[in-house]
Amino acid sequence: MGLLDQRFENGNVFVTSLENLLNWARLSSLYQMQFGLACCAIEMMAASASDFDIMRFGIIPRATPRQADVMFVAGTVTLKMASRIKRLYDQMAEPRYIISMGSCANCGGPYWEHGYHVLKGVDRVIPVDVYVPGCPPRPEALLEGIIKLQEKVRKESLVKKPA
Amino acid sequence: MTAEEILNSLKAKFGDAIVEAKLDAPQPWIVVNPSRTKEIAFFLRDDPATRFDYMMCLSGVDYNNGKLGIVYHLFSMVHRHKIVLKAFCTKEQPHIQSVTSVWATANWHEREAFDMYGIVIDEHPDLRRILLPYDWEGHPLRKDYQVPEFYNGMKVPY
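Chains R and H supply the protein sequences, listed in that same order.
Residue 10 in my numbering sits at position 10 of the first sequence, and the numbers go up by one each step.
Residue 1003 in my numbering sits at position 3 of the second sequence, and the numbers go up by one each step.
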């Protein structure tokens, strides 16, 4: 039996807007920029492994920013690293999203007072979409952040400017 | 060898290059002349009686009274004995001789001491910053270090 034989007879037709379809496609294949900075990266790797399996959200690690849609800033952003992160962000194709994972990337974390070498929040160099708190966050918390980001992508519009 | 025997053999060989010593400390230490650390280290490594073939650690120190220093923890795999060497310098003249030619491990340790404390390691083969970016100003583990307001346009304080 051919693949398309009964495709339309069984009612497998649905109507949607182009916007919904595009958003659904994009939020279901958020390719991830593959890099980690500190202990949060270990939790991110745990989230990639079989127990938590972020690939079921369509998140596949890509080794180049040009193929990535979302960047997990997982760990302490040092001032030396900040310019590199900025450059990687600039190399990502739009639309692009940032998940700031853990206290260090959110606000400097334990280095907020005496960390002469730590950027106090990655949002000082790149715009952040979702902040995941924790030190480090459990993989479940990262999954929650991914779901929040998917909700954000689902609400996007081709014509309306974001608020 | 006990720490006292090590001290005596050093004194017999180098005389006034051995500045002071404290042998009843938990880890007995010997202070040496900062411009002669290399020959003393060579002697400690190659003398059959001492044979300090392993430099366990090299640390930079700021004593907060205008004095900087480097502390060398040495161990002998052959004789299973330990000793601590210290070399002091001032903030005005922060120069200590390199021991990289004696223990290759010292290379990166000395670069770190230079990076964090600004101790200039004389005769080091490759004295660059090792952790901080090359355009960083100052040496952040010094007690009088002031955190900069901005680095490359990024605000540093919280």
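To be clear, the hints were calculated from the coordinates, so they are not data collected in a lab.
Misleading hints may appear alongside valid ones.
[To be verified] Calculated pairs, DSS-like style, for lysine-lysine (alpha carbon to alpha carbon, straight line, at most 30 Å):
(1) H:LYS1086 - H:LYS1013
(2) R:LYS86 - H:LYS1155
(3) R:LYS80 - H:LYS1013
(4) H:LYS1086 - H:LYS1011
(5) H:LYS1067 - H:LYS1082
(6) H:LYS1143 - H:LYS1155
(7) H:LYS1038 - H:LYS1022
(8) R:LYS80 - H:LYS1155
(9) H:LYS1011 - R:LYS80
(10) H:LYS1091 - H:LYS1155
(11) H:LYS1082 - H:LYS1155
(12) H:LYS1086 - H:LYS1038
Here is what the structure says about each hint:
Only pairs whose Cα atoms come within 30 Å are accepted, and H:LYS1086 paired with H:LYS1013 is accepted, the gap being roughly 17 Å. A distance of roughly 15 Å separates the Cα atoms of R:LYS86 and H:LYS1155; the hinted pair therefore holds under the 30 Å criterion. Between R:LYS80 and H:LYS1013 the alpha-carbon distance is near 46 Å, which puts this suggested pair outside the 30 Å criterion. Of the pairs offered as hints, the one joining H:LYS1086 and H:LYS1011 holds, with about 15 Å between alpha carbons and a cut-off of 30 Å not exceeded.
At roughly 25 Å between alpha-carbon atoms, H:LYS1067 and H:LYS1082 fall within 30 Å of each other, so this suggested pair holds. Annotation: proposed proximity of H:LYS1143 to H:LYS1155 holds, straight-line Cα distance about 22 Å (limit 30 Å). Restraint check: the Cα-Cα separation between H:LYS1038 and H:LYS1022 comes to about 21 Å, which is no more than 30 Å; the hinted pair holds. Taking the CA atoms of R:LYS80 and H:LYS1155, the gap is about 13 Å. The hint holds against a cut of 30 Å.
Our distance criterion of 30 Å between C-alpha atoms is broken by H:LYS1011 and R:LYS80, whose separation comes to about 46 Å. Proposed proximity of H:LYS1091 and H:LYS1155 is supported: the alpha carbons are some 28 Å apart, at most 30 Å. Our distance criterion of 30 Å between C-alpha atoms is broken by H:LYS1082 and H:LYS1155, whose separation comes to about 46 Å. This hinted pair checks out: H:LYS1086 and H:LYS1038 have alpha carbons roughly 12 Å apart, not beyond 30 Å.
This entry does not satisfy hints 3, 9 and 11, going by the numbered hints stated previously.
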